[in-house]
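The two chains are supplied separately, each in an independent frame; assemble them into the complex guided by the hints.
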Amino acid sequence: MTEQVYPPWEPPFAGTEVEHVLGSLERMQATFRWKADGLSAAQLGTPLPTSALTVGGLLKHLALQEDYCSAVKIAGGSMPGLWHDLGWDQDDDEWEFTTGAQDPPEVLYPLYDGAVVRARDIVTAAIEERGITGDSGVRLPDGSQASIRRVLFDRIEEYCRHTGHLDLVREALDGRTGEDPPSDWRP
Amino acid sequence: MPTNQSEMSPSVLAGPPMSGTEIETLVGALERNRRTFAWKCGGLDADQLRTTVGASSMTLGGLLKHLALVEDEYFTRQLTAAPALSPPFDAVDFDADPDWEWRTAAEDSPEELLALWESCVARSRANLATAYAEGPDAHSPTPWSGDRTPTVRRLMVDMVEEYARHTGHADLIRESIDGLVGEGVPE
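Protein sequences, first through last, are from chains V and E. Just so we're on the same page, our numbering is the position in the first sequence counted from 1, plus 400. Just so we're on the same page, our numbering is the position in the second sequence counted from 1, plus 7.
Isolated chain E (complex conformation) (with noise of 0.2 Å):
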């Protein structure tokens, strides 16, 4: 366990910044864990990325169009105050189908999966930079309860754990595919 950084791998050192500010260390945070994810569900076919293990019916394919959802969801509906989601969310009935991501990522090729989470990711990194140049205070403007708004700082916590959640599924997903394990990405 080493506290020295000469003895910490290069992936997990290319992370947040060792004295950074909030702000550098959020976006450090958010981008460690969205390489770390892309790397466990890459290099993958249409049936290893409908893989389940154990009891759970989560799929690598169903974690990256859940995870683009959630992108959408958060920092651009909610952070522009947009009126719908994205394509092709906006087109979902997600009260009647509340795991429409799960179900239909069986339905989509790897490439689309794939390219559909990075337009999500794409449009995110812009949207939180215009939003947390004005500082990790400003409120989003799309309210959760009654008249209680978040902060881009809330909503930056709340995807690094998102991500590092879902990295943990998908740790386990991917060992079962093809036995490839770790923390970070290799050099």
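Okay, chain V solo, but in the shape it has when bound (with noise of 0.2 Å):
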């Protein structure tokens, strides 16, 4: 039997726990980059008739979320200073949405780039020094914190749901679907 060949963000068949939840992360990431690729602003900004959802307000969103379970829920920091200068209104649950759907690609497309590069970095230095079971910097009322794995968990959830956003809203603007990235395809 010819052994398949795995694209570069293909999990780990067997790997410790770490590699897996990393592994996942780094194949939605790919997978909703795929997805967002290559639009115009017109397109990154049309929702579907029924929903108020974009592209580009997903991209925006995501980006965000990022820097913040990184930079604050993981390491317990703050915010990352650029997301004060793009006027974030932290009492404004839409603003990344709503904002996202009007930005130019120029724009959104590295601003995620960005995000998903220092989030990586946050994420591993944390594995590192306090390991998977590690405190996060999310704090219970009791006092306690929710372990780095928690948080890596409901990462890998919402980065899936909304790549299943983004399926349907990427399949209407230009026929775009599919699972995963062609193979050859790199961010």
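Treat the hints as calculated values from the structure; they're not laboratory data. The beta carbon of each residue, even a glycine, is placed where N, CA and C say it ideally should be. There may be inaccurate statements among the hints.
[As the list claims (entries may be wrong)] Okay, the calculated bits of chain V under chain E, using three or more residues with CB under 8 Å as the criterion:
#1 420-433
#2 450-462
#3 497-511
#4 521-527
#5 565-576
[Unchecked claim] Short derived list, chain V residues pointing at chain E, Cβ under 7 Å:
#6 Phe413
#7 Ala414
#8 Glu417
#9 Phe553
#10 Glu557
Below, the structure is given as structure tokens:
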């Protein structure tokens, strides 16, 4: 039997927990980026008739979430200053969705790509320092803290669910469908 | 964007433990996804379960039947090394009819679709409990590629991804049917 060749974002078959959790995130980052790739400003701001979600809004939301989950929830620090420069309104839960639908591709794609790189570095360093069972920066009322493991599992779920949204929004824009990026595609 | 548990919604909290073992976290994530998915598909009639959105042919009925199939393939056929899928999937030639479950869901009643999904989930829970009693590093008895067999960990992380992404599809389809939106099941 010929051994199948897997793309670089394929998680391991029998890796450690950390390899699988990070592998799952890497696969979904690649998939999300591919589904969002190569669109015009008009396409990035075009929703389905029955939902307000746009590709631009999803790109900006996940860029914000990459930074929020890593810098705040995992590292226990604060958001990178660039979000304040962008006018982030923390009191408006829809801010990144509404403004992301208006932003041009030359803003949205680098914003997302930069956030992914920052998050990868923070998560890797946190796991090296404290292990996946180590404390995150998420506090419970009794003073204990959620583990890094818990925050990362939430992250996988959120990524996949938004990629599901992107699947349907993108298909309506230009017919792009598929579960995974083509194996020769690179971000 | 809360990092304090007291600010999080009850349904989000009713997921994986804040600082549990790997298996507790995997099971908690999987069960939360199943619960959210069932909520998004619940309380609809046959016509509503056949509704599509945008350019996609996906329906909530198709999603119920597809996830029933994937539950049976991963956690019953593969984990128990069964010679075939469970009924009704065992009678289908998926090579000749790869979209069988999506296509035929339109002929099924809501009660049939839900009962099929629930029966597959019940078998999955029993088989998984046996499999992960030996730990997440235990290998599935069914190879994927050549002689490479995935671990129970890999199957479970893949299934969390599968559910979360399809729940993203369900989000947009359901919103188009009756306007129901939301991240987690209301209390």
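Status of each hint after checking the structure:
no., hint, result
1, 420-433, "holds (count 5)"
2, 450-462, "holds (count 3)"
3, 497-511, "violated (count 0)"
4, 521-527, "violated (count 0)"
5, 565-576, "holds (count 8)"
6, Phe413, "5 Å, holds"
7, Ala414, "5 Å, holds"
8, Glu417, "5 Å, holds"
9, Phe553, "5 Å, holds"
10, Glu557, "4 Å, holds"
Consistency with the previously given hints fails for numbers 3 and 4, ordered from lowest to highest.
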